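All chains, please: the whole structure from these sequences, using the hints.
Listed in order, the protein sequences are those of chains V and E.
Its first residue numbered 1, the first sequence is counted upward by one per residue in the numbering used here.
Its first residue numbered 1, the second sequence is counted upward by one per residue in the numbering used here.
If you are wondering where the hints come from, they were derived from the structure by calculation, not from laboratory data.
Everything numeric in this text was worked out from a predicted model, so none of it was measured.
Please note: incorrect hints may appear among the correct ones.
Claimed, not checked - Capping the alpha-carbon separation at 30 angstroms, the derived lysine-lysine pairs in DSS-like fashion look like this: (1) V:LYS782 <-> E:LYS18; (2) V:LYS766 <-> V:LYS782; (3) E:LYS64 <-> V:LYS241; (4) E:LYS141 <-> E:LYS91; (5) E:LYS45 <-> E:LYS91; (6) V:LYS788 <-> E:LYS25; (7) V:LYS520 <-> V:LYS651; (8) E:LYS25 <-> V:LYS745; (9) V:LYS449 <-> E:LYS64; (10) V:LYS33 <-> V:LYS116.
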Amino acid sequence: MSTALPKAETTVVVMLGGSTYPRNPAFNNPRFKHSAEDLRAYFLDPAAFKLPRQNLLWLFDSTDNPNDLNDKIEAFLCSAMHGTDEQRPMDVIIVFIGHGFFDDSRSYHLATPSFKPGAPEYSYRFKFLQRTVREQMRLARKFYLLDACYSASAACELMSSEPVAQRVLSEVEAEASNDLPQRGTAALCAASKDDQALAPEAEEYTMFSGALLSVLRDPPILSDILSLHQLHGLVDDFIRKRFGEKAVRPEIHVPEQKQGDVATIPLFPLRRVEPAAAFSVLDAFDAETFADEALLYTVVVCRSTPDPEQLPPLLQVVSDAWNNFRAPILAAANACRAGWRAPPVPADHEGGGSLLTQLAVDRAFESEARLRSAVAALCRAEIAVFDLTDWDEGATFLLGVRAVARRGVTITSVGGKFTIGGELQVPFNLQLLNLAAHSDAQENEGAGKRPFELIGGKIVNGFHDLANLPHYLDLPAYDSVRQLGVESGAYRPVQARERVLVLCPFNALYTRTNFRRLEKVLPSRVQDYVAKAEARLAEKPALVRLLDLKTPRLVAQTLFELIRLTDMCVVDWTEMRTNVIFEAGVRMATNPLGAVHVIEHGARERLRSGGRAGHQVQGLLSLLDPIGYRLGGIDTGPFDAMVQRFDSSLKANSRGEVNFIYSAVGAALDRRSQPAALPLVNELTRSANILDPDDQESIGISPVLYHEVNRELAAEAREAAADRRLAAWLFLSRRYSAMEIAREKLLLDQFELLSPQVRRWARRAKRADLLEEVNAQVQAVKDAAARKGDT
Amino acid sequence: MNILSAEQEVARLVARAKRDKEEAKDHRDNGDIAAAVTVLEETVKALGASPLAAGLETVTVPSKPMRDLAVQLADCLGMLGGNYRRQGRFKEAQAAFERGRVYEDLPSLEVLSSYNLINAITLPIESDAQAWEAQRPFIEKAVSALSRQVLGERRSDRWAWADLAQCQLLLGDQAGALQSYGRVRDLGDEDTVASVIAVLERLGNAAPALKSRVNAAITYLTN
Numbered sequence: 001m002s003t004a005l006p007k008a009e010t011t012v013v014v015m016l017g018g019s020t021y022p023r024n025p026a027f028n029n030p031r032f033k034h035s036a037e038d039l040r041a042y043f044l045d046p047a048a049f050k051l052p053r054q055n056l057l058w059l060f061d062s063t064d065n066p067n068d069l070n071d072k073i074e075a076f077l078c079s080a081m082h083g084t085d086e087q088r089p090m091d092v093i094i095v096f097i098g099h100g101f102f103d104d105s106r107s108y109h110l111a112t113p114s115f116k117p118g119a120p121e122y123s124y125r126f127k128f129l130q131r132t133v134r135e136q137m138r139l140a141r142k143f144y145l146l147d148a149c150y151s152a153s154a155a156c157e158l159m160s161s162e163p164v165a166q167r168v169l170s171e172v173e174a175e176a177s178n179d180l181p182q183r184g185t186a187a188l189c190a191a192s193k194d195d196q197a198l199a200p201e202a203e204e205y206t207m208f209s210g211a212l213l214s215v216l217r218d219p220p221i222l223s224d225i226l227s228l229h230q231l232h233g234l235v236d237d238f239i240r241k242r243f244g245e246k247a248v249r250p251e252i253h254v255p256e257q258k259q260g261d262v263a264t265i266p267l268f269p270l271r272r273v274e275p276a277a278a279f280s281v282l283d284a285f286d287a288e289t290f291a292d293e294a295l296l297y298t299v300v301v302c303r304s305t306p307d308p309e310q311l312p313p314l315l316q317v318v319s320d321a322w323n324n325f326r327a328p329i330l331a332a333a334n335a336c337r338a339g340w341r342a343p344p345v346p347a348d349h350e351g352g353g354s355l356l357t358q359l360a361v362d363r364a365f366e367s368e369a370r371l372r373s374a375v376a377a378l379c380r381a382e383i384a385v386f387d388l389t390d391w392d393e394g395a396t397f398l399l400g401v402r403a404v405a406r407r408g409v410t411i412t413s414v415g416g417k418f419t420i421g422g423e424l425q426v427p428f429n430l431q432l433l434n435l436a437a438h439s440d441a442q443e444n445e446g447a448g449k450r451p452f453e454l455i456g457g458k459i460v461n462g463f464h465d466l467a468n469l470p471h472y473l474d475l476p477a478y479d480s481v482r483q484l485g486v487e488s489g490a491y492r493p494v495q496a497r498e499r500v501l502v503l504c505p506f507n508a509l510y511t512r513t514n515f516r517r518l519e520k521v522l523p524s525r526v527q528d529y530v531a532k533a534e535a536r537l538a539e540k541p542a543l544v545r546l547l548d549l550k551t552p553r554l555v556a557q558t559l560f561e562l563i564r565l566t567d568m569c570v571v572d573w574t575e576m577r578t579n580v581i582f583e584a585g586v587r588m589a590t591n592p593l594g595a596v597h598v599i600e601h602g603a604r605e606r607l608r609s610g611g612r613a614g615h616q617v618q619g620l621l622s623l624l625d626p627i628g629y630r631l632g633g634i635d636t637g638p639f640d641a642m643v644q645r646f647d648s649s650l651k652a653n654s655r656g657e658v659n660f661i662y663s664a665v666g667a668a669l670d671r672r673s674q675p676a677a678l679p680l681v682n683e684l685t686r687s688a689n690i691l692d693p694d695d696q697e698s699i700g701i702s703p704v705l706y707h708e709v710n711r712e713l714a715a716e717a718r719e720a721a722a723d724r725r726l727a728a729w730l731f732l733s734r735r736y737s738a739m740e741i742a743r744e745k746l747l748l749d750q751f752e753l754l755s756p757q758v759r760r761w762a763r764r765a766k767r768a769d770l771l772e773e774v775n776a777q778v779q780a781v782k783d784a785a786a787r788k789g790d791t
Numbered sequence: 001m002n003i004l005s006a007e008q009e010v011a012r013l014v015a016r017a018k019r020d021k022e023e024a025k026d027h028r029d030n031g032d033i034a035a036a037v038t039v040l041e042e043t044v045k046a047l048g049a050s051p052l053a054a055g056l057e058t059v060t061v062p063s064k065p066m067r068d069l070a071v072q073l074a075d076c077l078g079m080l081g082g083n084y085r086r087q088g089r090f091k092e093a094q095a096a097f098e099r100g101r102v103y104e105d106l107p108s109l110e111v112l113s114s115y116n117l118i119n120a121i122t123l124p125i126e127s128d129a130q131a132w133e134a135q136r137p138f139i140e141k142a143v144s145a146l147s148r149q150v151l152g153e154r155r156s157d158r159w160a161w162a163d164l165a166q167c168q169l170l171l172g173d174q175a176g177a178l179q180s181y182g183r184v185r186d187l188g189d190e191d192t193v194a195s196v197i198a199v200l201e202r203l204g205n206a207a208p209a210l211k212s213r214v215n216a217a218i219t220y221l222t223n
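This is how it looks when you write it as structure tokens:
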């Protein structure tokens, strides 16, 4: 038997049977159809079996005669076996739902819609089916799911008054005896040899298929995938509980086990039932969407599709990710919220407490109000997923805003033809991004690597890391624009008379033409302006790009710090470079003065006429209104306009006005996610646990780098961790009264964890006074808890 | 129990187990073994009563909450067994270790520990020196498993090396044992070495036949 685990891509499913029998309407039974259709839905469900559509042959209710049915199955299986090595089926599942009967020679027949009473040749002989499957799929594992009935002519409830299962199984067994090694056959039948299978009229499905669907859709156990044996056990259990004395027990049989029992192989992934609201997508531009602060919002930043009924690819993937990772995402998000002392996601809320929203990036720049809404959505959403396919300009600009506005979980993904590990030109300031992929090609990478798995996993891990790592970052810039230094001088704005920052392309042509032009004219215009404004002589300011900065510090740190601090920042939109667009977003979100947007005249015209820029780029430029400049000539008007634009922003700022994006961030940002929001005890215990986890006595692996080659390091880490725990306990016990600690669960949990830790340290350090203090405080909290209980 | 409830349940249980283990360690350090045992018995009871614990010993495809619970159960049972031993309640200690080793033995639970396993093997030797030969097949099996583990994800785990060393010592593989104790010394701190020596001394006292090997190991560890 092949030891490889089944994969949806290398599994083929044939479904046959019938619910209508034109030559014998008494056989008609809608429950067969419901059962077959819903089982098909299970196989094709991207949240369940994930079978590629082309791997399923649907012959249910086919009126073909048995020979034609057989030919179709043969052709389907034959074609599947002639695929590439990666696609060649390893597993085949044959599903039959309908009536079955025996002919005079005791051969078992599957009654398909061509069935004619008294004429077995009009029905599909089971042996033929088995032979075809065996011959075409010699190297595959074969599984039969047989929900077969026998008579049920008068009362549709009666199925298989003969020991069908026994006969079928013996036929399976007989055929399987010819099997080659490296494979096997297993069958799960609706009824044992002593029972009759049922399709109760009050039910939507047959008893067997109904139980099967119930187990697969809403599994009673915490498992991701079931073997045929496990499925049998759970189906049996379900039927017994549901139908009591009327239960008809299913039977499993594995006739050929030379290479092992194929029915133990995990084959049937379980579908997780999710609240229906997970599928609804709300409009991120609607302020009402984010009205409830308690909910967990996911915003997907992507273009809309022409067909409103169809979800954009990334939105579909994120929706699938939610369907498959809902529980771990919520658990991780709650752990993160607990760190902020924020209430957990209200799981009892309609939709399970989470909302999926779309920020249609092609509509984000239609007006200032729309862009404000987009910025607000990026500030409010704990999870943001960006579609960066082709480095979409609008999405990149908004990514820059998100990068500095919120330390949340941000996922960036690329579609098109990109797969993880494939080649992709990434702008220099985004090269540290951990990109996901949501392309069709990535979908074919197999289980564990599919886009919804990549993104779902990243969201879960993102929350875990956000909760546990003090400097979690999934985008550049957040810390760089906040941690400028410890002295006030470090926060001093860089004035225009000293320096003008230019965010622009770096290529040779641009440098030779555009930057040289700016460099020649702009500094002198700024110099004149400063001299006039300050009524004193001024020097020409330095016009600097990132590469002109004389510092050994990391590029990202220096750049984003300067972006925040420099008063006059010129953003050149010529060439619409991705790195410039991202930096522009950062600038607009971090400096109240905004920026002086410029573009070379010809480039602007080309964007207007060449169709290069889409609706959103035109909208973006329209909102930011870049000043056009020319590469030659004597007209310095545009450069004066640049200075004028800067001066206007300064004057507006002196009146208390700020650029509208900065203002939108300030109004919408979620204070819970800001650095100041992390409670001190959490910060100290987190810091302690990073140095020396509290389960170090049990866990034998040290987190300290170089600990085995420098013994003192680990000892120092342990002492430093103990200091932090002591500090946390001291703070907790002085900042809050015993009653406050007793009343608030989080405080009490922290107190009860820290107290024995501090006691142990005090004992080691021979600090009897501290030991006494801890004991007294513990008793005080206990007393307070008792008083709380009394009241 | 749905998946979200399971996640919440396990988060609650893990937090409780962490708190209780700290309390138990505090009692133990303070010499109050009975109090430590009381705390841990309650913890094990609470963890074992969770719906997630049902069938944990035989599960083939456990969910993450189940795995997290198994880690805590194994750890608490190990601590409980250790404290029973301190009290001289060898029968209860053996039962706790045997119960804990089930979780360690099941690869799907990914419990990266062999504390219960090793103690379940060595405790009979500590209480009856004649039991050593009877335990040999189990020790050999443990060496085989641990040798694999220390080449894999437990290669920097000082306790894995300590457990391996102890088994090698019991089997008479003096060179192998000293090499493994060398890793313990590299990877662990003074407390680790002290803890390992305490175990060795117990063994040496219980089984005089092992005394010379044990003394050699202690000398190696302390030099």
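Hints versus structure:
1. Distance hint between V:LYS782 and E:LYS18 is fulfilled; the C-alpha atoms sit about 19 angstroms from each other, no more than 30 angstroms.
2. For the suggested pair V:LYS766 and V:LYS782, the alpha carbons sit about 25 angstroms apart, so the restraint of at most 30 angstroms is met.
3. For a cut-off of 30 angstroms, the pair hint linking E:LYS64 to V:LYS241 stands: about 28 angstroms separates their Cα positions.
4. The suggested pairing of E:LYS141 with E:LYS91 holds, with an alpha-carbon distance near 23 angstroms, which does not exceed 30 angstroms.
5. Distance check on the hinted pair: E:LYS45 and E:LYS91 sit about 18 angstroms apart at the alpha-carbon level, within 30 angstroms; holds.
6. With a CA separation close to 29 angstroms, the supplied pair V:LYS788 and E:LYS25 stays within the 30 angstroms bound.
7. At most 30 angstroms may separate the alpha-carbon atoms for a hinted pair to count; V:LYS520 and V:LYS651 meet this at roughly 26 angstroms.
8. Of the supplied pair hints, the one linking E:LYS25 and V:LYS745 holds, its CA atoms being roughly 23 angstroms apart against a limit of 30 angstroms.
9. Distance hint between V:LYS449 and E:LYS64 is fulfilled; the C-alpha atoms sit about 19 angstroms from each other, no more than 30 angstroms.
10. Simply put, V:LYS33 and V:LYS116 have alpha-carbon atoms about 19 angstroms apart, close enough for the 30 angstroms limit, and the pair holds.
Taken one by one, the earlier hints all hold for this structure without exception.
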